[in-house]
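Asks: Assemble the whole structure, with the sequences as input and the hints as a guide.
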Amino acid sequence: MNGPQDAGGRMGFGPVEAEVDEPVFHAPWERRALALNVAAGAAGQWTIDQSRHAREDCPPADYYSFSYYQIWMRALENMLVERGLATRDEIATGQMQQPLRAGITPLAGDRVADVLAAGFPYDRDPKGQAPAYPLGTRVRTRNLQPRGHIRLPSYCRGKVGEVTTIHGYHVFPDTSAEGDKSIAHWLYAVTFQARDLFGDRAAEGDTVCVDLWEPYLDAE
Amino acid sequence: MPHDHADHDHTHDHSDLDDMTARVMAMEKLLVDKGLVDPAALDAIVETYEEKIGPRNGAKVVARAWTDPDFAAALKDDATTAIATLGFSGRGGEHMMALFNTPDQHNMVVCTLCSCYPWPVLGLPPVWYKSMPYRSRAISEPRAVLAEFGVTLPEGTKIRVWDSTSELRYLVIPMRPEGTEGWTAEQLETLVTRDSMIGTGLAGARP
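Note that the protein sequences, when read in sequence, are chains A and B. If you count by my numbering, then the first sequence holds residues 1 to 220, one letter each, in order. If you count by my numbering, then the second sequence holds residues 1 to 207, one letter each, in order.
Hints may contain errors.
Stretch-level coverage of chain B by chain A, calculated; a stretch enters the list once three of its residues show a Cβ under 8 Å from a Cβ in chain A [claimed, not checked]: (1) 47 to 57; (2) 66 to 73; (3) 87 to 96; (4) 122 to 128; (5) 144 to 158; (6) 162 to 174.
Estimated spans, in silico, between C-beta atoms of each pair [claimed, not checked]: (7) A:HIS26 x B:PRO103: 35 to 43 Å; (8) B:PRO103 x A:GLY44: 42 to 50 Å; (9) A:GLY205 x B:LYS29: 53 to 61 Å; (10) B:ASP77 x A:SER182: 26 to 34 Å; (11) B:ALA185 x A:GLU19: 26 to 34 Å; (12) B:MET25 x A:GLN129: 44 to 52 Å; (13) B:ALA26 x A:GLY158: 39 to 47 Å.
Here are the simulated lysine-lysine pairs, DSSO-like style, with alpha carbons at most 27 Å apart [what the hints assert, rightly or not]: (14) B:LYS34 x A:LYS181; (15) A:LYS159 x B:LYS158; (16) B:LYS130 x B:LYS52; (17) B:LYS76 x B:LYS60; (18) B:LYS60 x B:LYS130; (19) A:LYS159 x B:LYS130; (20) B:LYS60 x B:LYS29; (21) B:LYS76 x B:LYS52.
Hints listed in this document are in silico derivations from the structure and should not be mistaken for laboratory results. Cβ atoms here follow ideal geometry from the backbone N, Cα and C, with glycine treated the same way.
Replies: Here's what the structure looks like:
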């Protein structure tokens with residue numbers, strides 16, 4: 001979506017401010033917010049792309065004023081409500097009024113190490129389907145502007161680049177963000193001349209490399 | 001207690017934190033009571049990302065690549081597998097790619113759309129990496145951003161910025177500092193900063 005998350009190339013946000021000896025968390029609640037999101041996600045009621053879309057689907061003024069974990073908590077609340085896993089009233093009070101429906105298994109404490117170490121791989125079997133664009137192909141990104149989730153940044157829509165890596169056959173985020181994890185497409189690293197994207201703000205010869213799925217691309 | 005200005009600010013900040021503390025505590029109680037999360041899992045997740053996983057993992061990968069040409073070749077060929085041989089794998093790093101800096105090309109990583117970051121080798125990202133100034137500018141004016149980190153590249157070095165738009169996760173392999181011939185991997189690890197593995201720093205430089 002053309003939402004507040006699509007930050008690349010925007011102006012006016014000021015300098016990058018790095019904190020010396022930054023702690024992993026800045027308040028005790030941030031620890032629990034991170035853990036709640038990871039643990040609830042591992043219960044399998046939404047895909048990672050659904051959680052990304054829940055975070056970006058936020059009024060821009062809120063998105064830009066909330067801290068990172070505030071954005072995560074807002075999205076977690078919305079995902080729970082949308083799926084009927086909790087009500088607004090339950091979330092506000094912390095008091096359970098309806099039990100969870102049957103068939104949902106939480107991530108058990110003694111499985112955390114194994115589950116995190118295994119991760120959730122996103123590559124799939126292409127079942128004989130070959131990539132449409134071999135290495136070195138000149139491709140043009142499509143001018144896609146869906147209301148839903150997409151991983152094609154607005155700064156590289158309608159731009160010409162070159163396929164420099166074929167990463168594999170990966171779950172397609174646009175459909176994964178609608179809950180369908182069964183669809184995958186070839187994923188490429190496409191390299192653009194920075195000046196083709198950002199004009200003379202960019203230095204001659206600098207490049208930008210973006211991971212893009214086949215449905216985002218046409219042969220040039 | 002004096003009620004000066006600083007004290008007022010402190011109180012104000014504290015009440016903001018308390019709002020989030022209350023909200024997160026209510027959520028934790030609700031989800032535990034519902035059985036959607038196991039409280040022991042929450043503790044294990046916090047312990048993992050606060051104490052076990054961090055940029056020292058990535059430093060081990062880099063130092064090994066600097067000292068072991070076979071490992072460097074394996075890392076270039078299939079970073080996910082090579083990094084897993086050192087014991088680092090999993091969530092947020094399922095598909096890894098190593099980006100080797102050279103005198104001709106400096107690599108720098110950003111996630112303009114969210115906050116994708118290679119958790120198994122670098123831990124959780126710092127606030128600046130997730131912030132709008134970095135996400136908006138690293139892609140379009142990397143040299144200005146590098147200058148804010150105190151980094152100036154030699155003339156002739158091109159920059160390639162990698163936008164983490166997929167589940168690929170990127171680890172920059174900085175160039176080995178000069179004058180470190182004969183150093184052991186353990187000694188070299190101390191020169192590998194977190195920022196040098198994002199591409200906003202160089203190895204051997206503070207911080």
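Asks: Is the listed coverage of the region 66 to 73 of chain B by chain A valid when you require three or more residues with a beta carbon under 8 Å from a beta carbon of that chain?
Replies: violated (count 0)
Asks: Does the Cβ pair GLY205 of chain A, LYS29 of chain B satisfy 53 to 61 Å?
Replies: holds, 56 Å
Asks: Quick check: does the Cβ-Cβ distance between ALA26 of chain B and GLY158 of chain A fall within 39 to 47 Å?
Replies: holds, 46 Å
Asks: With the threshold set at 27 Å, check whether the alpha-carbon distance from LYS159 of chain A to LYS158 of chain B stays at or below it.
Replies: holds, 21 Å
Asks: Would you mind confirming whether the straight-line C-alpha gap from LYS130 of chain B to LYS52 of chain B stays at or under 27 Å?
Replies: holds, 21 Å
Asks: Would you check chain A against the region 87 to 96 of chain B, counting CB to CB pairs closer than 8 Å, and say if three or more residues qualify?
Replies: With 7 residues in contact (Cβ-Cβ under 8 Å with chain A), the coverage given for the region 87 to 96 of chain B holds.
Asks: Does the Cβ distance between PRO103 of chain B and GLY44 of chain A fall inside 42 to 50 Å?
Replies: holds, 47 Å
Asks: Check the following: the C-beta atoms of HIS26 of chain A and PRO103 of chain B are separated by a distance inside 35 to 43 Å.
Replies: holds, 38 Å
Asks: Please verify the coverage claim for the region 144 to 158 of chain B: does it have three or more residues whose C-beta sits within 8 Å of some C-beta in chain A?
Replies: holds (count 4)
Asks: Can the region 47 to 57 of chain B be counted as covered by chain A under the rule of three residues or more with Cβ-Cβ separation shorter than 8 Å?
Replies: That given contact holds, which follows from 4 residues of the region 47 to 57 of chain B lying within Cβ reach (below 8 Å) of chain A.
Asks: Does LYS181 of chain A sit within 27 Å of LYS34 of chain B, going by the straight-line distance between their CA atoms?
Replies: holds, 26 Å
Asks: Hint says 26 to 34 Å; check whether the CB-CB distance for ALA185 of chain B and GLU19 of chain A agrees.
Replies: holds, 29 Å
Comparing the model with each earlier hint shows violations of hints 2 and 20; every other hint is respected.
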